[in-house]
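Sequences are here, hints too, so could you generate the full structure?
Number of protein chains: 2
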Amino acid sequence: MNPTVKYEIKKRLLSAKGQPVSGQQLADEFGLSRTAIWKHIKELEEEGFVINSIKKKGYVLTSSPDSLQAAKINQYLTSKRFGQSIHYEETCPSTQPIAHRLAQSGAPDGSIVVCEEQTAGKGRLARAWTSTQGKGIWMSVIIRPEIPPTKAPQFTLVAAVAVTRAIEDIAGIRAEIKWPNDLLINGKKCTGILTELQADMDRVHAIILGIGVNVNQLETDFPEEIQSIATSIQMVSGQPVDRAQLIARILHHLEIYTDLYITHGFEPLKILWESYSCTLGKRIKASMINQQIEGLALGITNDGVLQVKTDDGQIHGIYSADIEIQN
Amino acid sequence: MNPTVKYEIKKRLLSAKGQPVSGQQLADEFGLSRTAIWKHIKELEEEGFVINSIKKKGYVLTSSPDSLQAAKINQYLTSKRFGQSIHYEETCPSTQPIAHRLAQSGAPDGSIVVCEEQTAGKGRLARAWTSTQGKGIWMSVIIRPEIPPTKAPQFTLVAAVAVTRAIEDIAGIRAEIKWPNDLLINGKKCTGILTELQADMDRVHAIILGIGVNVNQLETDFPEEIQSIATSIQMVSGQPVDRAQLIARILHHLEIYTDLYITHGFEPLKILWESYSCTLGKRIKASMINQQIEGLALGITNDGVLQVKTDDGQIHGIYSADIEIQN
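Note that the protein sequences, when read in sequence, are chains D and S. Mapping to numbering that gives the first Met the number 0: the first sequence position 166 is 165, numbers consecutive. Mapping to numbering that gives the first Met the number 0: the second sequence position 167 is 166, numbers consecutive.
Just so you know, the hints here were simulated from the structure itself, not pulled from any lab data. Check each hint, because a few of them may be wrong.
In this list, chains with the same sequence are indistinguishable; a pair is considered to hold if it fits within one copy or across any two.
[Claimed, not checked] With a straight-line Cα cutoff of 25 Å, these simulated SDA-like cross-link-like pairs (lysine to any residue) come out:
(1) 188 / 6
(2) 150 / 300
(3) 150 / 204
(4) 284 / 107
(5) 187 / 314
(6) 284 / 146
(7) 150 / 318
(8) 56 / 106
What follows is the structure, encoded as structure tokens:
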């Protein structure tokens, strides 16, 4: 079987959105016999697609497996640039290095790398990130804004707002943002965002946004040592979520917010961000590479820097840290 | 001829520093006949090495061509980490993307990429940089300091001081530093430094320092349109300079200053930098991506940021810009 033809047939079925697709027409188009087309359809059925064959009308796709293949994401895309180029892997160590390589070789703004499973997913400070096969969104987005590198940390916050909005739209759950890069539901982590950078001192070449969302895990899908601190959308809503649809929605908001950022700066996004934050107004302990600061989280600046007031009245600007909320 | 054996013989001759190397010993060591060793010596002579054969003593290297091959640089190295891994190319579009790839695949701190000729060398803001074959130093240095990305711009200044000191040591010429990334001799540009970055929001993964030094060009080696603004060390000193020796000296200072920076911070380097600067105390025009500022260059902060006082008395911090000195 020719995998390109199968991919094209799948794309046709998905984009027909429940309408029949004529087998004869597919056969003509690809220069194949109707039997060859039928064999491709059988293979798709083996992959979990449910396809009805309606006499004199054609094939109708009635249900598709929860996979993330490009064609599946494509069908839900409402963004114009983001997700137009999709690099899909069944399994990979991590989507970030792949995205870095693609960015180096000129991948356009909004290109994404997505996989079913990461075998060596990473969070901030190279901490392990569990990326169970087929259960979450393990994705890297390449963004190329014309900004100086000092502004890059803002994109962690832009992404946090985009993912929060997408989860709200698709699953009806309101997550909270814990500065800088975590989304929590009921105090447990459901999303991590890792912002990496290729830049010179004048401007950013590419931001490589790593987004990990726990979507359809059950408690036992998580390693025991993180079961008390991790959650998934399904664990909260009781419903499985179509990951491709959620990806498309994240890309939708990410594109809108990136464009908003480019035209109006960080301020409108800061307001949005603050409305989802669970960090501000709290007493926190912030741990950096070689420093710790305890105090009141006052707010974020227009650069996305967290302002913390220590007991001696001094105000410290923090770019990135581990935050422990103390009240 | 086996290129590895030839490389090892060359290394042996270079490190003998004028002492004879026994042909019989080389033959025994590599399991080759004396005739085979002699053939390798002949090949080296064809490459421009001058080798005397002294009866009963062996081969003596009396002069080597001005090339940058790893063995040649190695003989001059006094640094411990910097230059221990050398990636050499005869010709390449630019050493920076090669160094980026090496850094991504884990190249150690102090690794360098060096070539005889760049066909598409780049300066700040993707401007063309002329890299004439065999006449200059076209090099990228991978540095892995444990610092947050906000500190990375300081490395342009650290590198500027290291190159200035190296030129002073080797050629006896004192260059001036024009903030942020140019070295000038008699007001003409002889060196450009490009600081690129791989990072996340917490820390730098790698700084890729691009260093271009005009060494042995004559005026006519430069394209006509830059002859009035470019110069080389040889044009000023009247003497050709051994590029491998200059590279080793740059790496020597770069390692010392990087270590100084890690243990004592930017302040001691700031003092050094200021002593070579031709920007401070001058009226300047600074052009950024989407802004221009005119005023008095007051100094640099402990973060390496240029402080400019405009006529309304306001002080602006500038991370990177084109600087026009107005008096």
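query: For residue 150 vs residue 204, is the C-alpha pair at or below 25 Å within one copy, between two copies, both, or neither?
result: Both: 12 Å inside a chain and 18 Å across chains, each within 25 Å.
message: As a check of your reading, is residue 187 near residue 314 (CA-CA no more than 25 Å) within one copy, between copies, both or neither?
response: neither (29 Å within a copy, 45 Å between copies)
- prompt: For residue 56 vs residue 106, is the C-alpha pair at or below 25 Å within one copy, between two copies, both, or neither?
  reply: neither (40 Å within a copy, 59 Å between copies)
- request: Using 25 Å as the alpha carbon limit, work out where residue 188 and residue 6 are close: within a copy, between copies, both or neither.
  value: So residue 188 and residue 6 fail the 25 Å test inside a copy (35 Å) and across (56 Å) alike.
field: 25 Å Cα threshold - placement of residue 318 relative to residue 150
entry: Both: 11 Å inside a chain and 12 Å across chains, each within 25 Å.
query: For the identical chains here, do residue 284 and residue 107 meet the 25 Å Cα criterion within one copy, between copies, both, or neither?
result: The answer is neither: 39 Å in one copy and 34 Å across copies each exceed 25 Å.
message: For residue 284 and residue 146, with the copy left unspecified, which applies at a CA distance of at most 25 Å: within, between, both, or neither?
response: Only across copies: residue 284 and residue 146 sit 21 Å apart there, 31 Å inside one copy, limit 25 Å.
task: Please work out whether the CA atoms of residue 150 and residue 300 approach to 25 Å or closer within one copy, between two copies, in both situations, or in neither?
output: both (11 Å within a copy, 19 Å between copies)
Violation of the numbered hints given earlier is confined to hints 1, 4, 5 and 8; the remaining hints are satisfied by the structure.
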